[in-house]
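Residue strings, one per chain:
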Amino acid sequence: MSLTDADRPNSYIGRSVPRPNARRLLQGRGRFVDDLVLPRMLHAAFLRSQHAHARILSIDTTSARALPGVVAIYDGDDMAAHVTPWQGVLTHLSGMRSPPQPVMARGVTHWQGEPVVMVVAESRAVAEDALALIEVDYQPLDAVCDMEAALAPKAALIHPDLGSNLCWERRIDEGDVDGAFAAPGAIVVERQFTFGRHTGVTLEPRACIGDYDPAEDRLTMHYSGQAPHMMQSVIARHLGLPEARVRIVAQDVGGSYGIKIHTYGDEIATLAAARLLRRPVKFVADRLESFQSDIHARDHRITARAAIDSTGRLLAVDVDDTTGIGPYSVYPRSSGIEGNQVINLIGAPYRLENYRARLRVVFQNKVPMCQYRAVGHPIAMAVMEGLMDDLAEASGRDPADLRQMNLRADDSYPANSPQGLRFADLSHEQCLPKLLTNMDYRRLRAEQAALRDQGIHRGIGLVTMVEVTNPSPMFYGVGGAPIAAQDGASARLDASGAVHVSNSVTEQGQGTETVLAQIAAQVMGVDIADVHVTTGDTATTPYGGGTWASRGAGIGGEAMLQAAKALREQVLQVAAAILQTESDALDIRDGHVVDTASGQGRISLRDLAQMVYYRGNELPEGLKPELIATRHFKVSDYPFVFTNGAMAAHVEVDTETGLVRLLDFWVVEDVGTILNEKLVDEQIRGGVVQGIGGALFEECIYSDDGQLQNATMADYLVPMAAEMPDIHIDHVCTPTRTSELGAKGAGEAGTAGAPGAVMNAINDALRPFGTRLSQMPMTPERILKALGHV
Amino acid sequence: MSDTLSITLTVNGERISTQVPPRLPLIDLLRETLGLTGTHLGCAQGVCGACTVRVDGETARSCLMLAAQADGCQIDTVEGLTDSGALAALQDAFHRHNAVQCGYCTPGILLAAAELLDQAENPPTRDEIRDHISGNYCRCTGYQSVVDAIAEVAGSRAARPKPETAP
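Sequence lines, in order, name chains A and B. If you use the working numbering, the first sequence corresponds to residues 1 to 790, in order. If you use the working numbering, the second sequence corresponds to residues 791 to 957, in order.
Just so you know, the hints here were simulated from the structure itself, not pulled from any lab data. Any given hint might turn out to be false.
Incomplete in silico selection of chain B near chain A, CB under 8 Å [stated by the list, open to error]: (1) LEU795; (2) ALA834; (3) CYS838; (4) ALA840; (5) VAL845; (6) GLU848; (7) CYS863; (8) THR867; (9) ARG886; (10) ASN888; (11) GLY893; (12) PRO897; (13) ARG920; (14) ARG929.
All C-beta atoms, glycine included, are put in the ideal place defined by N, C-alpha and C.
This is chain B alone, in the form it adopts within the complex (with noise of 0.2 Å):
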């Protein structure tokens, strides 16, 4: 059809090349024709965090993106992040803290956190936790548990022996 673009990205790992009419949305693709119904739409409006997957490594809004800018792009999900073993660690504090309620905005407060700690050189405080995770709206848990959660996963991490620089 002359009204589709033709894309090919990486979801999860896995490579994708389909056709998509110009204004949908890189959510839509995701949600609608791949399932991945991990990821979800709260505002649409870039604002609530809801719907943060990984572009290229680096977390980005999948309301904002349209399915055709992500051509020839890598996108991660909760769900492959999950397969992948990126996400245990948080998850399991996440558990423990009981840092989910409703659950619908914490796909994305992973991945906010996650960004979080693979970029930050030293254990983030408290502090620098809450305004990294500013852009994430959770409406249940008044967000207490979740900077406990995601303290304390950048605590082990910081205790662990660092790996050696590669020269």
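For reference, chain A alone in the conformation it holds in the complex (with noise of 0.2 Å):
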């Protein structure tokens, strides 16, 4: 009798495995930086910009020093002698110019929240008594906050040197745009957009921790973060270390989300103060300084048409899009990359042939802004399903027909979209309809009209999107960042028969150990619970990229099942070779190698580990056993793997107090293979909640002269439990035909739809009373303004 997968008695891909690692965050066991205390351990706080923009006059550090239990103070000229600086800059976005930028201030300050002053001291709380005793005299400067004053003839220069504010352009021009606009019976809307400036709010702040030994030249950073390898290229690149002698260890990571893949100053200077003071040093940030230096993301302001003919048909596309992204372009990955994703992706779910943009990337003296969950897709997607609505109510069709006629068909793959994106396996056409059926759409609008009468206002807003997952190397190594595009894994078979592995994805809770126990288990046939997985480890780990856009399954994931399935290739050959039969012949089952055909048991994992580990002796002559299998892996042909996906929001609007009541949320999303239904669930749900958040909530509000105004967990308004819908999530599965496995990635597509779908349901629900919303976040205020109560 033969299996199939699902019937094996170590069957786990697919299946809804709980997280074996959970356990241990449910108990209070959790290994996050600030719980770890070294011997000797320092710690370190920082002075702060207090102005935006300013000239710095003067240090004086003299009674800071002279408190007890002050070991060092650094400002940024002495750290500059340690440190070398970074330049946020990809080759392959041409044009693009950012100025070198230190580790910490160096006699400008360009942003609210730059580091200025370090001290390191006996505990925290003394290295922030000694910051109260610095003395910084300042000349405060012109602050560029606004990004289109920023680029006025004559606005105050942020980087002299560079001539303007302006970090890169990109132009994109395809098809007759012109054309398309001026047929005869086109149907033309244009809308501006406003995306506030929004953060990730990582429930644990940034940490680190620099442990130098100084008798091996070794030093290892405890890091809070996603992507150890790249971590330890630039540590080594700018502290001027070996590579090899720097080792990154992430165990758990409270909350990611893309702000812990960057490069900090305060985490890099914490390490050479480690380096220089030969002791370890801990930094961890308060909230304040959280809102004040993680990065910022989104800032756009767009204006956008688009055209359909009188049939519906979508004719052209044509955007203008903004940015600001604070004093420099972060480094490693650039502070292009959010704008760059906004003009790219917008329309790609539609057949679309002409398609104009222009994106400006603007230098301000604000937090610097890259690369948050989702990454310029919520920005795309909102203002292409805004123009969708837009154009379905100036033509008088329902939003989900004209979405419907327009979208690309799922037979018509591989596809290249006017940016030059190529799509492959996505499946509109089955999640749209899908999606209707399960919001039961028809009479959910029956619904709308009715209670309209009775003067309650409800709205239904769509989206239709894709997701970039599974990058190749076209998205950073082509332009120069240490930021790999491959992944690798390692599986192994210990003495007792035990199968280990590890990864160069990582885990911040998404479950990414827990998939890769599931691939591990089912290839080797063995129990998940003799699967032990390492991740997060530079010392310990295969090189790899780590884990962002959504590429820690599909990528991790391809790698783990083709290092096990070297391993199981491993075993069997021993098994044939001890048992004198052929390896076809043998199959693994609950940890014992057993004859395909009939099923009996021939040896168990534990006793052929026993035979080749400690009696050699006993092996067939001539036999060289391995049991340790490495394998890596990258996407080719493609330069992302496309995820597709609908979402719809229900939401009831209170026309007298602004306030917005989310009644329901759906989500039909295509990730292609299934690993483990419930954490792709419940990435999506997560997803769609930060994506409400900024749709509703987030914003870091500034002031004209750059001083963020609501730094604080109490004035920074996350989503809460009272205010969140149930998220119903349903999926069509369209493998990727990039990997074996046929994964695609799930982490993003929340984020990147929800607040698409919130704008457009908001803006249905006030659709009587002509007036609508294209700012995020649409707060009670703005709603009140937009119809004309304050």
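Starting from the two chains in their separate frames, assemble the complex, guided by the hints.
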């Protein structure tokens, strides 16, 4: 009897296996960076610029140095002797400019919150006491905050050597855009969108410990982050250490979402101080520091036009995006990727031939902006889906119908977009109808009409979307960044018959280690409890990119599959030699090598391993067994593996208070092969809620002179449990052709689609009032303003 | 030392006498002095709920309370409530429902959930659960699985025969 994969005793792929490593977290046994205490460890605190833009005239640390418990104080000039500056530009983003960025401010501060002086002391409390004793004399300079004002001819220059505040500009012009807009009978809509700044608000702030051993010239960084090998390279480059003498260890990470994947001066200075002082130094950002120094995201102003012909066919889209990125392009990923993705992804779900875009990436004196969960997608989807709703209204069509008639056909792949993106294995034509069925769209429309008569204003917002996942080297590596697009996995059998695997993708709670264990257990034919997973340590895992851009399961998982298959083949070869049979007549089930045909047990993995490791003399002559295998995987032939999906929000707007109640939310998403549906669904739900946060609540509010006004958790609002709806998730499964596993990414879809769905739903609710919102977050105040009530 | 205060408190059933600086927050005593790192600091302003502990049986923000104020108090943290089994049903349900991702907020949410279940005479509705845990921020899960897990435990408790009330 032959078993299908799903019948096998150790069938785990596709099953909702609970996360083995979650038990620790539930018992308060997490291993977060701040939980770690090393012998003779010191603590760092930073004095940060109180001005958005100022010249540093003098720094007086005399009193601070005299404070008992203070061990060292460094300013930007001191640190510059030990850390080389970095430059956040990518060569494939042609023409991008950003000046060298020092580890801490030197001479001029460029944003409120930029580190100016570092104190290292016996405790964080003493270090903070010392900060209060430091006197810095600043000469305030004109702060350039508004991104459009920054481009004005006489604007003050943030980096005078560059001659303007423009970091990067890109234009796309494909097809005949002007001709399409001018076509007879074309229905044209135009709208201006504003997307505010928000940030990740990881509940665990950024944290690191530098631990330098001068005897071996080795630096260990205990890291709360997503990309250990990238950090290893960054630190080696800028601290002047051989890369192999830098070890990065990431254990539990208390939320990341793209925040903890960038180069932060305070963290690099902490490592430099540890090396200088030859003692471990810990830095943990407090919440104020998090708001003032974690990267911010979004911050776009967009004018967009679109046209359909009289039959509803999409003719053309024209977009002008200006985005503010703070004073430096962030290293090493650059701050150009978000805007680049905005103009690359607009219109992606639809058959579109004529497309024009201009992107301007602008320096300003605010916290640096860079990649955060769903990079660019929420903007691109909200703009295009907002235009689709406008086109539906202008042409008297139902918004679902207009989308449906313009979607790319499921049998049209591979297909290219006018931006040059290459799509494959997408299922728009299945996802949208499934969504409409699941939400009972027609009934909701009827209910909406009936309730309007009673003065209850409900709205339905739709989004069809794509998501960039599983990136190839065309994302960063091609531009010169030390960021691997491939990941590696190893698998080995120990003497007890247990399987140990390691992988260069990392875990921040997504369930990475669980899906790796599922894959290895199924391939190796063992109970999942007998698979032990290591991630997050450059000393013990194969080289690879880490976890970002929804790549962990798709790329790390495929590497795991191939490594486990190689180990399985090794085991079967050894077993065949011992049992004097052919390896293809053998299988592994429940930790035993069995005859494939009869299922009869022949030798346990434990006995096999012990014969190999302890009693090699019993092995057949000439057999040189290996019970360890490593495989790497990168996506080839396609720059990215796109996923697709459709989402809908159902909201009720209180037109007296401006409050929005989220009644329901639906998602149909195609993530390819589903390794663990529970984990996928929870990634999507968490993503949706972060997207809702950006749509309704979250905004870094600045004064005109660049002061962040709401840098506390009491003032910066994030979604709370009572405000969130239940989120209904369904799937279409179209495996990617780029791997055997077939898994695409899932981590960012929710954040990519939710803001547009919520914006469309609110505007749908407000339609009887002849008003609409085009600015996120859509706060009660903005809704009341749109209604003319305030 | 004259700039410290003598306090005696009970932490997870263990009586502890120690000297603390007047400004030391309770969470620092728990995490740094006692090594109870299951309680987490998220905002230090009492907003996010990651630092939730029990003080004399009621949930409190250990970032807003000074260690000196805990003199004479009985403090319970996720470690002690795990060892006693008080959180076992919730922990099991959270595990099965994947109501934990990064795990940083989780100990605080477990304590808030346990408080709700201990106080409620009838099983709380999903809305009541959502209300009750709204002082605990979670950035990963979107809350739904957390609500599912708490609701399941509430339901199974309600299905259990109630203990006889002592006269």
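*asked:* Hints numbered earlier in the text: which of these fail when held up against the supplied structure?
replied: The structure breaks hints 1, 5, 6, 7; every other hint is satisfied.
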